[in-house]
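These protein sequences, in sequence, are chains F and Z.
Going by this note's numbering, the first residue of the first sequence is number 3, and it counts up by one from there.
Going by this note's numbering, the first residue of the second sequence is number 3, and it counts up by one from there.
The hints are all genuine.
Pairs involving identical chains hold if they fit within one copy or between any two copies, as the list cannot separate such chains.
In silico DSS-like cross-links for lysine-lysine, where the CA-CA straight-line distance does not exceed 27 Å:
no.: 1; residue 1: Lys325; residue 2: Lys118
no.: 2; residue 1: Lys293; residue 2: Lys247
no.: 3; residue 1: Lys246; residue 2: Lys293
no.: 4; residue 1: Lys65; residue 2: Lys4
Calculated directly from the structure, the hints in this document are not laboratory data.
There are 2 protein chains.
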Amino acid sequence: MKIAIVGATGEVGKMMISCLNDYSIDYEKLTLFASQKSAGQQIKFRKKTYTVQLLTDKSLQEKYDYILFSAGSSVSKQYAQDAVNAGSIVIDNSSAFRRIDTIPLIVPEINGTLLKDYQGIIANPNCSTIQMVLLLNIINKLYTIEKVVITTFQSVSGSGYTGISTLLNQRNGDKNIGKYPRIIDLNVIPQIGDFDDFGYCEEEVKMTNESRKILNIYDLDLTATTVRVPVLYCHSESIYIKLKKDVIINQIIDHFNQTDYIKYNPIYDCPIDVQDSNLSHVSRIRYAGSKNSITLWNVSNNVRLGAAANAVKILKMHYQINKS
Amino acid sequence: MKIAIVGATGEVGKMMISCLNDYSIDYEKLTLFASQKSAGQQIKFRKKTYTVQLLTDKSLQEKYDYILFSAGSSVSKQYAQDAVNAGSIVIDNSSAFRRIDTIPLIVPEINGTLLKDYQGIIANPNCSTIQMVLLLNIINKLYTIEKVVITTFQSVSGSGYTGISTLLNQRNGDKNIGKYPRIIDLNVIPQIGDFDDFGYCEEEVKMTNESRKILNIYDLDLTATTVRVPVLYCHSESIYIKLKKDVIINQIIDHFNQTDYIKYNPIYDCPIDVQDSNLSHVSRIRYAGSKNSITLWNVSNNVRLGAAANAVKILKMHYQINKS
Numbered sequence: 003m004k005i006a007i008v009g010a011t012g013e014v015g016k017m018m019i020s021c022l023n024d025y026s027i028d029y030e031k032l033t034l035f036a037s038q039k040s041a042g043q044q045i046k047f048r049k050k051t052y053t054v055q056l057l058t059d060k061s062l063q064e065k066y067d068y069i070l071f072s073a074g075s076s077v078s079k080q081y082a083q084d085a086v087n088a089g090s091i092v093i094d095n096s097s098a099f100r101r102i103d104t105i106p107l108i109v110p111e112i113n114g115t116l117l118k119d120y121q122g123i124i125a126n127p128n129c130s131t132i133q134m135v136l137l138l139n140i141i142n143k144l145y146t147i148e149k150v151v152i153t154t155f156q157s158v159s160g161s162g163y164t165g166i167s168t169l170l171n172q173r174n175g176d177k178n179i180g181k182y183p184r185i186i187d188l189n190v191i192p193q194i195g196d197f198d199d200f201g202y203c204e205e206e207v208k209m210t211n212e213s214r215k216i217l218n219i220y221d222l223d224l225t226a227t228t229v230r231v232p233v234l235y236c237h238s239e240s241i242y243i244k245l246k247k248d249v250i251i252n253q254i255i256d257h258f259n260q261t262d263y264i265k266y267n268p269i270y271d272c273p274i275d276v277q278d279s280n281l282s283h284v285s286r287i288r289y290a291g292s293k294n295s296i297t298l299w300n301v302s303n304n305v306r307l308g309a310a311a312n313a314v315k316i317l318k319m320h321y322q323i324n325k326s
Numbered sequence: 003m004k005i006a007i008v009g010a011t012g013e014v015g016k017m018m019i020s021c022l023n024d025y026s027i028d029y030e031k032l033t034l035f036a037s038q039k040s041a042g043q044q045i046k047f048r049k050k051t052y053t054v055q056l057l058t059d060k061s062l063q064e065k066y067d068y069i070l071f072s073a074g075s076s077v078s079k080q081y082a083q084d085a086v087n088a089g090s091i092v093i094d095n096s097s098a099f100r101r102i103d104t105i106p107l108i109v110p111e112i113n114g115t116l117l118k119d120y121q122g123i124i125a126n127p128n129c130s131t132i133q134m135v136l137l138l139n140i141i142n143k144l145y146t147i148e149k150v151v152i153t154t155f156q157s158v159s160g161s162g163y164t165g166i167s168t169l170l171n172q173r174n175g176d177k178n179i180g181k182y183p184r185i186i187d188l189n190v191i192p193q194i195g196d197f198d199d200f201g202y203c204e205e206e207v208k209m210t211n212e213s214r215k216i217l218n219i220y221d222l223d224l225t226a227t228t229v230r231v232p233v234l235y236c237h238s239e240s241i242y243i244k245l246k247k248d249v250i251i252n253q254i255i256d257h258f259n260q261t262d263y264i265k266y267n268p269i270y271d272c273p274i275d276v277q278d279s280n281l282s283h284v285s286r287i288r289y290a291g292s293k294n295s296i297t298l299w300n301v302s303n304n305v306r307l308g309a310a311a312n313a314v315k316i317l318k319m320h321y322q323i324n325k326s
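Turn these sequences into a full structure, and let the hints guide you.
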């Protein structure tokens with residue numbers, strides 16, 4: 003198997019390399035690409051040293067079995083289709099293609115069967131969406147969701163390295179707002195991305211639209227408030243769910259425990275507790291005023307499960323489902 | 003007017019003194035009390051220097067017109083009734099008496115008329131409740147509330163000075179958890195107070211019970227998730243409200259703008275933006291999937307409006323409503 007990673011020196015790109023180990027992906031050849039700024043860097047992995055290549059128009063004319071993109075929407079828009087034309091399968095972590103009907107938006111545990119016989123661009127969902135839909139999918143199958151209200155606590159690594167450096171610099175006295183609309187140190191900011199005409203910011207719109215597409219429930223009633231918090235890694239989400247049937251909480255917990263991608267904690271997890279995990283961590287599941295509504299607390303590493311791990315799981319599932 | 007403040011050297015106590023200016027409270031005599039640890043401190047206010055007195059069993063045998071308590075539940079339980087027996091009116095910031103039926107729990111703009119002819123202990127509500135019920139009261143009168151779902155982002159000053167010092171020490175490398183169940187620096191913690199048998203922590207239970215009592219809606223369906231965040235001052239709240247009638251958002255904004263205690267921002271406020279304000283700041287009011295539901299963002303200084311300012315407003319209203 004020949005694999006390439008575009009954006010290999012970013013927060014997600016580095017984690018994609020690491021996740022090749024986490025999910026036991028064997029390859030014959032691994033090629034790492036980045037922009038001018040990072041090309042030439044050397045990265046050690048599996049006892050080999052890789053020199054990061056400059057991404058040019060010619061780079062992806064060569065066919066790879068899988069190319070993982072994590073270099074932002076503009077790079078994906080510029081290079082992904084050419085890569086597909088050369089016969090490669092692209093797994094794209096940007097938002098460039100997620101809303102295109104003909105492009106599958108995949109969380110393998112939910113809709114991975116869409117990968118069967120599929121060639122082309124595969125979209126990796128937004129970080130805050132992935133950890134949540136893994137839970138919603140199970141709950142919906144049990145009780146049918148009527149309404150979801152989410153409030154997020156999103157870490158600065160969701161903005162990549164510049165998010166992290168903005169917070170760390172401000173902790174050291176830097177008074178510049180850096181990556182965000184306000185100082186993020188000792189503050190919380192209820193805006194992630196630009197606002198639309200209805201008062202929702204981009205991250206909130208993504209959570210609604212992507213959840214609908216992944217869960218294949220196009221009238222899903224889901225309202226999000228997305229908030230940046232001064233945390234380095236892991237997004238937390240407070241999720242209220244109204245169901246069409248009465249709920250037995252222990253039944254939900256049993257179903258979560260039967261998966262290998264959700265970890266239930268009878269107390270709770272905080273961001274700093276689950277930084278090294280690829281799982282979606284859930285706790286504080288309780289009735290919310292009636293037997294047909296619950297609220298819960300969900301934490302997951304946005305760079306791992308929310309980006310790199312899901313992309314590598316897509317690669318693995320596509321390979322397994324189509325080999326023969 | 004003779005006024006005493008018990009717990010005068012704490013975060014809220016100091017702000018109570020300051021709020022005597024904000025609300026133009028004239029007095030003949032001001033006496034400041036604290037525990038052994040802080041007695042003897044000197045506090046300058048209105049060109050006078052006050053020496054903080056040690057609170058003893060005899061301190062409150064003298065009658066004051068108003069005694070503001072902010073020294074925790076145990077101090078209130080020990081001293082408040084004796085003070086009332088001596089003829090003083092007690093305004094208590096602790097949770098000691100809030101749930102007692104015969105004791106009024108007051109937000110002056112909502113249920114201040116209960117102060118007419120009342121003598122005895124008056125309870126000041128929980129910080130995260132006050133800023134929210136001011137909004138809910140107006141919205142409920144317009145459209146009748148069916149369901150409220152809140153997620154809070156609560157600053158460390160909500161735990162008093164030890165909360166602040168815990169965060170500041172951890173920023174300087176201290177690895178002790180200090181005041182909280184986990185490290186709060188670069189983290190968020192979905193627990194404020196102990197858990198009950200239904201999975202709710204104390205702060206969440208307070209928000210439900212106190213809102214019901216203040217709004218005089220004893221079946222109010224209100225679900226809270228209360229989260230500590232690494233912010234020094236101001237609590238933020240993401241509030242979803244389902245109404246019994248369709249909503250016109252501009253009508254809500256108009257009603258907010260007609261008050262002198264709610265400030266609407268067409269963009270939004272963050273904690274660091276409203277630290278010097280005694281108001282409840284609201285923004286991001288938008289429909290939440292249907293015309294009869296909205297979600298909004300609410301920020302307020304928990305030490306000011308959430309504690310000291312509301313207590314001093316109670317004092318002022320009680321005085322004005324009962325003088326003759």
